[in-house]
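As given, the protein sequences belong to chains X and H, one line each in that order. Each residue of the first sequence is one higher than the last, beginning at 1 in my numbering. Each residue of the second sequence is one higher than the last, beginning at 1 in my numbering.
Treat the hints with caution; some may be incorrect.
Unchecked claim - According to the in silico footprint, chain H covers these stretches of chain X (three or more CB under 8 Å from chain H):
#1 49-59
#2 92-103
To be verified - Here are the simulated EDC-like cross-link-like pairs (lysine to aspartate or glutamate), alpha carbons at most 16 Å apart as the crow flies:
#3 7(H) <-> 94(X)
#4 135(X) <-> 56(H)
#5 135(X) <-> 47(X)
#6 53(X) <-> 64(H)
Unchecked claim - Cβ-to-Cβ under 10 Å is the rule here; a few derived chain X residues that face chain H:
#7 79
#8 83
#9 88
#10 108
#11 133
#12 135
None of these hints come from the bench; they were simulated from the model. Every residue gets a Cβ at the ideal spot worked out from N, C-alpha and C, and that includes glycine.
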Amino acid sequence: MKSFEPVIVAFCCHYCAYTAADMAGSMRRCYPPNVHILRVPCSGKVDAIHIMKAFQKGADGVYVAGCLEGDCHFKDGNLKAARRVAYVKKLLDEIGIGGERLEMMTMSAGMGERFAVTASEFTEKIRSLGPNPVKGAAQTRQKAAAG
Amino acid sequence: MITAERKPIEEIMELIRPFNRILLVGCNECVTVCAAGGRKEVGLLSSALQMACMKEGKVLDVKEMTLERQCDPEYVEELVSAINQADAVLSMACGCGVQEVARRFKEKPVFPAVNTKFMGASERQGVWAERCQGCGDCVLGLTGGICPIARCSKRLLNGPCGGSTRGKCEINPEVDCAWQLIWDRLKALGLEKRYEDIMPAKDWRTSRDGGPRRIIREDLAS
Chain X
1 MKSFEPVIVA FCCHYCAYTA ADMAGSMRRC YPPNVHILRV PCSGKVDAIH IMKAFQKGAD
61 GVYVAGCLEG DCHFKDGNLK AARRVAYVKK LLDEIGIGGE RLEMMTMSAG MGERFAVTAS
121 EFTEKIRSLG PNPVKGAAQT RQKAAAG
Chain H
1 MITAERKPIE EIMELIRPFN RILLVGCNEC VTVCAAGGRK EVGLLSSALQ MACMKEGKVL
61 DVKEMTLERQ CDPEYVEELV SAINQADAVL SMACGCGVQE VARRFKEKPV FPAVNTKFMG
121 ASERQGVWAE RCQGCGDCVL GLTGGICPIA RCSKRLLNGP CGGSTRGKCE INPEVDCAWQ
181 LIWDRLKALG LEKRYEDIMP AKDWRTSRDG GPRRIIREDL AS
């Protein structure tokens with residue numbers, strides 16, 4: 001069986017997590033190529049619909065990475081993001097996608113190592129969960145249609 | 001505003017299961033303010049339903065529309081252009097909006113996606129509380145602007161009852177005793193004497209007890 005390579009979407013805040021990813025690069029620290037980074041001005045800018053659309057379009061896992069608690073450039077965007085993530089996790093549970101495919105993370109701009117570690121850990125967690133059930137059903141349909 | 005909460009996805013899925021093309025209609029009024037059925041919630045529910053169906057191997061076609069007001073025929077008329085492309089309508093408006101859509105499009109099944117709750121106000125962001133029961137004969141002028149009908153668990157007109165403890169109601173320590181609030185407010189206004197006036201039994205015919213209600217403004221009615 002072909003090994004499963006999950007698609008991970010990471011919404012990263014410009015001031016902390018995105019810079020941490022940059023730092024990971026400067027440190028020549030590897031992290032899985034499965035992680036697709038989307039830079040946002042603040043993690044608080046990530047709306048529930050952005051997360052839902054990521055899953056709908058085939059992401060196997062999504063995480064929102066913002067600044068450490070108390071360090072948000074916009075005061076409390078990261079706290080708002082955390083509450084929104086908790087809400088969408090419940091919604092994902094309700095529709096059978098599984099809330100564990102979504103996480104909120106926090107890190108400072110200097111935490112390149114942490115960025116790489118969390119990216120790897122999250123990718124492995126999603127790999128063990130298997131493909132997004134939505135994608136799986138679509139693939140099964142395509143296979144059935146192809147005969 | 002009229003407040004509402006989204007129904008569980010499972011219940012909504014059961015309602016729309018026989019259909020493939022859904023017209024999902026939100027409302028820009030009360031349900032937008034209480035974050036239950038505005039444009040944002042329409043987008044989220046659309047995405048959630050499509051994913052839930054994809055998971056079951058079914059493709060659900062959802063068209064999203066959010067009307068200015070779903071309880072006014074003028075705005076409901078805007079659905080004409082989209083109604084024929086849908087097998088059923090799923091409304092995120094309050095019960096008034098759902099019924100208006102059902103009245104206008106008699107041949108289409110119309111389903112509610114939210115549970116309409118109560119007439120309320122925002123206590124703080126994300127928290128809404130009941131404030132009015134539309135009894136049709138407002139007593140707020142006598143009670144310091146605090147409604148004993150909506151906010152006293154027993155709807156007492158001459159309270160409080162013996163279940164009032166340290167300003168809280170016996171049904172739940174998080175519920176304020178409406179009559180404690182009324183007394184505090186009357187005192188602050190220097191109107192303690194008004195508290196002594198006994199309110200006579202209320203004529204509930206102006207409320208739901210008189211059957212479904214209508215308002216007719218002769219100068220406006222066509």
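Status of each hint after checking the structure:
1. Under the rule that three or more residues need a Cβ within less than 8 Å of chain H, the assignment of the stretch 49-59 of chain X holds, with 5 such residues.
2. Residue count for the stretch 92-103 of chain X with a Cβ under 8 Å from a Cβ of chain H: 4. That meets the three needed, and the coverage hint holds.
3. At roughly 11 Å between alpha-carbon atoms, residue 7(H) and residue 94(X) fall within 16 Å of each other, so this suggested pair holds.
4. A distance of roughly 11 Å separates the Cα atoms of residue 135(X) and residue 56(H); the hinted pair therefore holds under the 16 Å criterion.
5. Between residue 135(X) and residue 47(X) the alpha-carbon distance is near 22 Å, which puts this suggested pair outside the 16 Å criterion.
6. Distance restraint check for residue 53(X) and residue 64(H): the Cα-Cα separation of roughly 15 Å lies within the 16 Å cut-off, and the hinted pair is therefore satisfied.
7. Because the closest C-beta pair between residue 79(X) and chain H is about 13 Å apart, greater than 10 Å, the hint is violated.
8. Below 10 Å, beta-carbon pairs count as interface contacts, and residue 83(X) has one with chain H at about 9 Å; its hint therefore holds.
9. At about 9 Å, the closest approach between the beta carbon of residue 88(X) and any beta carbon in chain H falls short of 10 Å, and the interface hint on this residue holds.
10. For residue 108(X), the interface hint is violated, since its Cβ never comes within 10 Å of a Cβ in chain H; the closest pair sits about 28 Å apart.
11. Annotation: interface hint on residue 133(X) holds; nearest CB of chain H at approximately 5 Å, less than 10 Å.
12. With a least beta-carbon distance of about 8 Å to chain H, the hint placing residue 135(X) at the interface is held under the 10 Å criterion.
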